[in-house]
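J.: Sequence:
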Amino acid sequence: MKVVSSRLIGTRVIRAQEAGIQLFQIRNVLGQHRDALVDRVLENLANYVEYKFHFVPGRAEWLVLHQALTDLKRKDIDPELYEPLIRKIQRREEVKLANDYFFLDIDETLRNQLLARSNFAA
Numbered sequence: 004m005k006v007v008s009s010r011l012i013g014t015r016v017i018r019a020q021e022a023g024i025q026l027f028q029i030r031n032v033l034g035q036h037r038d039a040l041v042d043r044v045l046e047n048l049a050n051y052v053e054y055k056f057h058f059v060p061g062r063a064e065w066l067v068l069h070q071a072l073t074d075l076k077r078k079d080i081d082p083e084l085y086e087p088l089i090r091k092i093q094r095r096e097e098v099k100l101a102n103d104y105f106f107l108d109i110d111e112t113l114r115n116q117l118l119a120r121s122n123f124a125a
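According to my numbering, the sequence shown is numbered sequentially starting from 4.
Think of the hints as simulated: they come from the structure by calculation, not from any bench.
As the structure is a computational prediction, the values presented were derived from the model and not from experiment.
A virtual CB, placed ideally from N, CA and C, is assigned to each residue, including glycine.
Don't take every hint at face value.
Have a look at the derived ranges for each label pair, beta carbon to beta carbon [claimed, not checked]:
1. Glu53 <-> Arg18: 41 to 51 Å
2. Ala19 <-> Leu118: 34 to 44 Å
3. Asn102 <-> Ala71: 10 to 20 Å
4. Gly61 <-> Ala22: 44 to 54 Å
5. Gly61 <-> Gly13: 28 to 38 Å
6. Trp65 <-> Gly34: 17 to 27 Å
7. Gln20 <-> Glu53: 43 to 53 Å
8. Asn102 <-> Phe58: 20 to 30 Å
9. Leu84 <-> Ile24: 14 to 24 Å
10. Asp79 <-> Ala119: 14 to 24 Å
11. Asn115 <-> Arg43: 14 to 24 Å
12. Leu118 <-> Leu84: 10 to 20 Å
13. Ile24 <-> Glu111: 26 to 36 Å
14. Leu66 <-> Met4: 38 to 48 Å
Full structure from sequences and hints, please.
T.: Structure follows, in structure tokens:
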């Protein structure tokens, strides 16, 4: 049994012993945490983009960025990006989630949209 703690979603227990099922449960918990973090970013998206990328999005950019993050919530987590975190959970009995990998995912999604819409360079 593994215990994964998150300030955003609380404590989740991974009960599966079989590796494939355990991986599915871990990815599910990581997805829940990422989605909760995305919701927080969406609450104040314009300020987050200005702070993180030194760019003030107009209405059109804001809509595109908002949609990109909403779409991110519909996707499963990228196992390559989250591999170190997945391995950490697999090795330990208790893990407290930090936000670094999740912000990498969110920021990359936003950066890709900004780059696609302009000559933005971050």
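J.: Check the following: the C-beta atoms of Gly61 and Ala22 are separated by a distance inside 44 to 54 Å.
T.: Holds, since Gly61 and Ala22 (Cβ atoms, about 47 Å apart) stay within the stated range.
J.: So the hint says 10 to 20 Å: do the beta-carbon atoms of Asn102 and Ala71 match that?
T.: holds (19 Å)
J.: Just tell me: holds or violated, for the beta carbon distance of Gly61 and Gly13 against 28 to 38 Å?
T.: Since the Cβ atoms of Gly61 and Gly13 sit about 37 Å apart, the hinted range of 28 to 38 Å holds.
J.: Leu118 and Leu84, beta-carbon distance inside 10 to 20 Å?
T.: holds (18 Å)
J.: Take the C-beta atom of Trp65 and the C-beta atom of Gly34, compute their distance, and say whether it sits inside 17 to 27 Å.
T.: Given range 17 to 27 Å: holds, Cβ gap about 25 Å.
J.: So does Leu84 sit 14 to 24 Å from Ile24, Cβ to Cβ?
T.: Cβ of Leu84 to Cβ of Ile24: about 22 Å, so the range 14 to 24 Å holds.
J.: Does the Cβ-Cβ separation between Asp79 and Ala119 fall within 14 to 24 Å?
T.: holds (22 Å)
J.: Could you see if the CB distance from Leu66 to Met4 stays within 38 to 48 Å?
T.: Check passed, 44 Å falls within 38 to 48 Å.
J.: Go ahead and decide if the range 14 to 24 Å is satisfied by the Cβ distance of Asn115 to Arg43.
T.: holds (20 Å)
J.: Range hint 41 to 51 Å: satisfied by the CB atoms of Glu53 and Arg18?
T.: holds (43 Å)
J.: Tell me if the beta carbons of Ala19 and Leu118 are separated by a distance inside 34 to 44 Å.
T.: holds (39 Å)
J.: Is 43 to 53 Å right for how far apart the beta carbons of Gln20 and Glu53 are?
T.: Taking Cβ atoms as reference, Gln20 and Glu53 lie about 47 Å apart, which means the hint holds.
When the structure is compared with the earlier hints, no violation turns up for any of them.
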